[in-house]
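Participant: Letter by letter, the chains look like this.
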Amino acid sequence: MQNNIESLEEPIASSNLLELRGATKSFGSNLVLDNINFELKAGEIHSLVGENGAGKSTCLGLIYGLHQPDSGFVTLNEKTVKIDSPSHAQKLGVGCVFQELSLANSLSVSENIFAGRSPSRYGMVNWKSLNAQAEKLLKQFELDINVTLPVGNLPISTRQLVEIAKALSLNSKILLLDEPTSALTPDEVSTLFTVLKKLTKQGIGIVYVSHHMSEIFKISDRITTLRDGKVISTKRTSDTSQEKVVAEMIGSQSYRELRVAQPISEEILLSVDNLSNSTDFSGITFNIRKGEILGIAGLMGSGRSEIVRTIAGLKQDYAGSIIFKGNPVTFNSLREAMSHGIGFIPEERKTEGLFLQYPLDANFSSANLKNYSKLEILQHRKISSACQQAIDFYQIKTESYKKNAGALSGGNQQKLMLAKWLERQPDLLIIEEPTKGVDVGAKFQIHKELRARAQEGMSVIIISSDFPELISLSNRILVVSDGNLMGELSPEKTSEEQLLQLAVGLKKQSQNENTISEK
Amino acid sequence: MKRDYSNRKLEKGRLVTGILKPFLEIRELTLLVMIFLIILLMANLNPYFLTYSNFRAISVGMAPTAIIVIGMAILLASGGFDLSVGSVMALSSTVVAMLMLSGYSIPVSVFISILLGAFIGLSNGCLVTAFNINPLIATLGTMSIARGFALVLTEGFSLSSLPASFGWIGKSSIMGLPALVLLMLIMVVIFDLLVRHTRFFRQVYFIGANEKAAMLSGIHVSRVRIIAYILSGALAALAGVLLASRLMSGTPTAGNGIELQVLAAAVIGGASLQGGEGTVLGAFLGVVFVALINNSMTMLAVSIYWQMIVIGTVLVIAVALDMLIRRRKA
Numbered sequence: 001m002q003n004n005i006e007s008l009e010e011p012i013a014s015s016n017l018l019e020l021r022g023a024t025k026s027f028g029s030n031l032v033l034d035n036i037n038f039e040l041k042a043g044e045i046h047s048l049v050g051e052n053g054a055g056k057s058t059c060l061g062l063i064y065g066l067h068q069p070d071s072g073f074v075t076l077n078e079k080t081v082k083i084d085s086p087s088h089a090q091k092l093g094v095g096c097v098f099q100e101l102s103l104a105n106s107l108s109v110s111e112n113i114f115a116g117r118s119p120s121r122y123g124m125v126n127w128k129s130l131n132a133q134a135e136k137l138l139k140q141f142e143l144d145i146n147v148t149l150p151v152g153n154l155p156i157s158t159r160q161l162v163e164i165a166k167a168l169s170l171n172s173k174i175l176l177l178d179e180p181t182s183a184l185t186p187d188e189v190s191t192l193f194t195v196l197k198k199l200t201k202q203g204i205g206i207v208y209v210s211h212h213m214s215e216i217f218k219i220s221d222r223i224t225t226l227r228d229g230k231v232i233s234t235k236r237t238s239d240t241s242q243e244k245v246v247a248e249m250i251g252s253q254s255y256r257e258l259r260v261a262q263p264i265s266e267e268i269l270l271s272v273d274n275l276s277n278s279t280d281f282s283g284i285t286f287n288i289r290k291g292e293i294l295g296i297a298g299l300m301g302s303g304r305s306e307i308v309r310t311i312a313g314l315k316q317d318y319a320g321s322i323i324f325k326g327n328p329v330t331f332n333s334l335r336e337a338m339s340h341g342i343g344f345i346p347e348e349r350k351t352e353g354l355f356l357q358y359p360l361d362a363n364f365s366s367a368n369l370k371n372y373s374k375l376e377i378l379q380h381r382k383i384s385s386a387c388q389q390a391i392d393f394y395q396i397k398t399e400s401y402k403k404n405a406g407a408l409s410g411g412n413q414q415k416l417m418l419a420k421w422l423e424r425q426p427d428l429l430i431i432e433e434p435t436k437g438v439d440v441g442a443k444f445q446i447h448k449e450l451r452a453r454a455q456e457g458m459s460v461i462i463i464s465s466d467f468p469e470l471i472s473l474s475n476r477i478l479v480v481s482d483g484n485l486m487g488e489l490s491p492e493k494t495s496e497e498q499l500l501q502l503a504v505g506l507k508k509q510s511q512n513e514n515t516i517s518e519k
Numbered sequence: 001m002k003r004d005y006s007n008r009k010l011e012k013g014r015l016v017t018g019i020l021k022p023f024l025e026i027r028e029l030t031l032l033v034m035i036f037l038i039i040l041l042m043a044n045l046n047p048y049f050l051t052y053s054n055f056r057a058i059s060v061g062m063a064p065t066a067i068i069v070i071g072m073a074i075l076l077a078s079g080g081f082d083l084s085v086g087s088v089m090a091l092s093s094t095v096v097a098m099l100m101l102s103g104y105s106i107p108v109s110v111f112i113s114i115l116l117g118a119f120i121g122l123s124n125g126c127l128v129t130a131f132n133i134n135p136l137i138a139t140l141g142t143m144s145i146a147r148g149f150a151l152v153l154t155e156g157f158s159l160s161s162l163p164a165s166f167g168w169i170g171k172s173s174i175m176g177l178p179a180l181v182l183l184m185l186i187m188v189v190i191f192d193l194l195v196r197h198t199r200f201f202r203q204v205y206f207i208g209a210n211e212k213a214a215m216l217s218g219i220h221v222s223r224v225r226i227i228a229y230i231l232s233g234a235l236a237a238l239a240g241v242l243l244a245s246r247l248m249s250g251t252p253t254a255g256n257g258i259e260l261q262v263l264a265a266a267v268i269g270g271a272s273l274q275g276g277e278g279t280v281l282g283a284f285l286g287v288v289f290v291a292l293i294n295n296s297m298t299m300l301a302v303s304i305y306w307q308m309i310v311i312g313t314v315l316v317i318a319v320a321l322d323m324l325i326r327r328r329k330a
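The listed protein sequences correspond, in order, to chains X and G.
This note's numbering applies: residue 1 is where the first sequence begins, and numbers increase by one.
This note's numbering applies: residue 1 is where the second sequence begins, and numbers increase by one.
Everything labelled a hint here was simulated from the structure, so no lab data went into it.
Among the hints, erroneous ones may be present.
What the hints assert, rightly or not - Calculated cross-link-like contacts (lysine-lysine; reagent style DSS-like; alpha-carbon spacing at most 27 Å): (1) X:K173 <-> X:K198; (2) X:K403 <-> G:K212; (3) G:K171 <-> X:K382.
Isolated chain G (complex conformation) (with noise of 0.2 Å):
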């Protein structure tokens, strides 16, 4: 009864499957030429802004939050949802940094660390899955747990005089590219390898389009969810020591907002919150974007807070012009 598939006509040249395809054609592409403008007319307007030292600057200020953005797109594509990273990021900066000053070695540090943003992921993901929590609300109670904590160990203040070696990977270059810039590189493309094309990852985009049909095509729909929530917590744990050793120290304050700029990125990268869509090329393309335009009206000496009014319009904007597109398909 085994068909024999061998001798299909099939189309070309085609690069992703199905469900991930609609938005490399839009959404990526669209970003791709925005930022390509942006930076034709910025290199017009400011001759400081196409120098190898302020794109070092944009480059290592975002690789934090695109490290981050990774598993924030993952977790949205599920349905699901993480305001714990900015948190988590500080507690695991703060716990690196204490580690490495009682004496440990730097992997262990840095591997418990990871380690423990992994189990307030885990923790995340069992309070979503096991208790039926809203994601928001779960998360919002383990952001400020993470945060607390950070800041009851460090009593507020931040930890310095790390050891020396512990600064290698956020302030070395290789070839001229920060080592920072080159991980941030590194993990998007794996990252968004995976997710378009090993079977784990499909799983977490037929949740997210349709739990109730996932579940019935027999995809362990909270195992899933869980190891998103996971690789969240693990994520934002990642970013947190990059940034102890850009600064060299522990910072409890790190991160403070930097959730909802996450969020904000992958939605004009093309996540939903309904879920089931975006691609981690798609998020990190929206970080980029939006830390171009944040550079762009530093140089231009705008306020910082027109900044913030300009960040939220583009946000909308992206989100609106998404529907209106999406209304005329359908």
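With the rest of the complex left out, here is chain X (with noise of 0.2 Å):
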């Protein structure tokens, strides 16, 4: 690894203007990352890519002050530096911008540039030389925009253009820039890479983080692979290709658990046909059968939870239809979907899915109060009952059923979503990221859990960015990318490796191949 680097130092020149050395860190137990080296040198773009949870988000974290690393250190301009905050990171010279668009919207695009930075005069905001110099940076992106507006009334693409300006407003040295083309159209982002090309030559250093090889293929100069939290590699573009950078990613270890044989039943439970709605997805056609895992892989924003959440009743403005148990179904509520024998865990078990600040019991019942109560009074022992009893079946870490969700550590907190999910006795489980930043023990556990309960004839769809998880769970997978339909693989004959081309978009699967051949 460290040779890698090395022989890479003759070709580019200039000295680095950011450096990780060794950088190590760890949330809790939990190792995010291990031994990190990576550097930037002026007038470079480098790529940081890796799977979900790689450790990439940390990385830049670390550089713009977000995090402190446990050992290891920061330079910048080869002088060691802590930088203590994001305010200080910007002091320092760098710049970030994150997926998640940080703008006031109800105040102007100038306004917003400039932040608390306003020019002004006898403590006057000066606002002809605030939107002149607004104005004078938005020309370098050919963005010819009045500055005067809301942000509110741009387009998401033109907003991420306005953050990647308010980055640079502050004289940025490094740019570090989280998924930047999430939202943006083709055209806009051949827009934003000649603005970075152009950047890079007046010397700026950009680290691009990005799920889209195409995209990383067409603008970086190297390309770090992050897995596990290590570095795996920093090549120069030229020197590899997407296929390889895809299997580093992955790793050539691979994960597969013993898998039931499962018996499944020919009786389909869900049909969907020809799903679409305006903006998340479209023509999505599938059935499940009863007792089966279907899973479905994808990465974030691909359409793949917008498409579960439709069949759960949480989204109504879809076309298509929906066949349930043999009748055509029209949920308009969770509610409604509950009451036909459908579960849903969602994804964010702190936000969406738990009240921390109740104690096990209340959660556990919370989609349960209708048997727990006898004329509308609640049965308080036998809530408690039935949540220790879950508590012991699923070995949840916890000293009573009165401590509060909030309390529990991530696995048992996921643990505790299912067992108030599997109390219902669904007929249909529709689960999130089931075992999202989850020990490997309560991992095992869910997984065991889910394939006994399809054993009894439960079906389960599973929405993972874990691929090898999806692999070893399901009995097929469905890959979608970009709100459409990939293909439909057969896990005991598909790899990560395939699997995460066909979810990065970089081929689709032919009609009537079957089952993709195995290498």
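Please dock the two separately framed chains into a single complex, following the hints provided.
Facilitator: Put into structure tokens, the structure is as follows:
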């Protein structure tokens, strides 16, 4: 690894704007970055790639002062620095644009760009000079917009460019971009790339994080691949290929748990025909049989959660038909879907799934209040004893069911949500990211329970960015990219690499190709 | 697949389950102790404090507030908020008087007045849920509208010479206990039990704690919210009717500023503007506590202006202490 980097010193001449040397970072007992070496030269675009959770965002966080390394250090212009906060990072010439926009929608473009640093005279904002400076800055982006308009009036893509202009207005020498093209159209992407190339000519170094392989190969000078918090390689773009990078992201280790051959009934529980909505997905057609575990692979923003949330009754605007238990259905709410036998475990356990300040038993009963009340009166003892039983059964680590759900570890919170929904005994359980950020033990248990329930006849739809998980758990895997179904794979004959290639939109499975040939 | 729950060993003697338990332990007990201390202290400072007539005056005086605070505590638990309660109280006290003066029977007049309060609550609920207007703004609007109607209907004058039998609930006593106070106590107990033990009110807490998770647990969020607003409006109207009965007049200016007193009492009693917390009993004890402090200061001849300062200070200290305790726990 080290050799790899050193062999590169020669062709790219100038000194390093930025270095991470042996940077290590863990959150709790979770080692997120392990001895990371990374460097950025003036005028270079250096891409950072890896699967979700590989450590890309944490790397950016170290450089932008959101986190401090546990060991190792950050150097800027070959001087070791301790970056305390984003505002400190900005002072040191580091600008950052995150995936989520951080603009104030009601303020004008120019105010957003110079937020808190408006040129002023006698304490009054000098609007003329403010607007003129903003216009000048935006000219670089070939953006001809009225800088006095509220940002909220602009299309998302323009806002993204305004955000980058804002980062540059700080005279940044280093620019960190986290998925900057996720909301942009191809035309806007090429405008952005022109701007980025122009910036590099001015000696600005750019760290570029993205899932889109084709973009990465178009824009970067070098690519560093991360996996499980470690640097796998740093290579010049011309020395590698998309396939090689994808292979490095996944690693060669094969993660396949012992699979139980599941007898699948031929009875179709749910079939979805030509499901589309105006913004997120189109032409989605699939079905799921009784007792089947169907995986849906896709990256963030691929439309995967919008698809399942539509089925669960959480999104009403769609075209196409949903047939559940043989009858066409239109669910106007999750309540309605639940009454037909659908369960839904959302992705964000802290904000969408749990009542963190309430005890375990209250959380456990939250979707089952009807079952635990008689004539509208709650049966507290029944709730507590059922919860205690679930705690024992799922081995949820807690002193008591009276402890607040917020005090549980991620894995135990996830088990609590699973317990809450399995208690309803749904016919179809939809789970988003069943084991995101969960320890190995909890993950194993969640998988075991899902398999067992499927064996008993419950159907499961799993959305996951964890491709090994999908391969080991599903009977079939659908791949979604950019709102389209890219293919249907049989997990026995599928590698993570193939999944990822479909998910990043690298290639589409041909219509009549049912199984992908094994290597 | 149904599991058997019968042979589980559980801790015994739990009156309340999960959600509401910590408040019974901390906030309500603290308030009870404070109330006891005030009584003890005042009994020594002023011989007239610990008399039947003084306690009668205190409890009759706080009854309308205590009835309104029931609705406010429930709304706060749902993450809602109602500024219109004082105006609704005034409007219902004038409407009930006008109806009786134009010849309607007492039960019909009372029923219509309470229905009117419920309707204003329904409007508040719809504004907040269907139009997604911030509850502070929505109920600020209806507060002004309801007060305006009360003043327009009466041209600003109080309506008196109500039928004598209407004064029964506000003036009579049962075994030395004023009927008004008895009604207040019964309602507090009933609503406290309902809130702790019914499925509907448990949903109120889930919504207040995490609206999104509540929705994703299949709870009908907007319906529950609207019902909580209707309840608050109806209870405020009931308070207005009782006030009219006690004063034997419909007063369009009644209850001016009472919404903030109610809010302060509920928060002192453990409710939170963030929602998901508080009990009816706690809020009621908050009202008792504030009423006792006001009464004590009057007895000690402290100026009414100072009373405002003291109540404000108590409110801020109560909330600050609560935040401190929470931070230490977290």
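Participant: Compare the structure with each hint and give your call.
Facilitator: Taking the hints in turn, this is what the structure says about them:
1. Only pairs whose Cα atoms come within 27 Å are accepted, and K173 of chain X paired with K198 of chain X is accepted, the gap being roughly 13 Å.
2. Pair hint K403 of chain X plus K212 of chain G holds up; C-alpha atoms about 22 Å apart against a cutoff of 27 Å.
3. Only pairs whose Cα atoms come within 27 Å are accepted, and K171 of chain G paired with K382 of chain X is rejected, the gap being roughly 45 Å.
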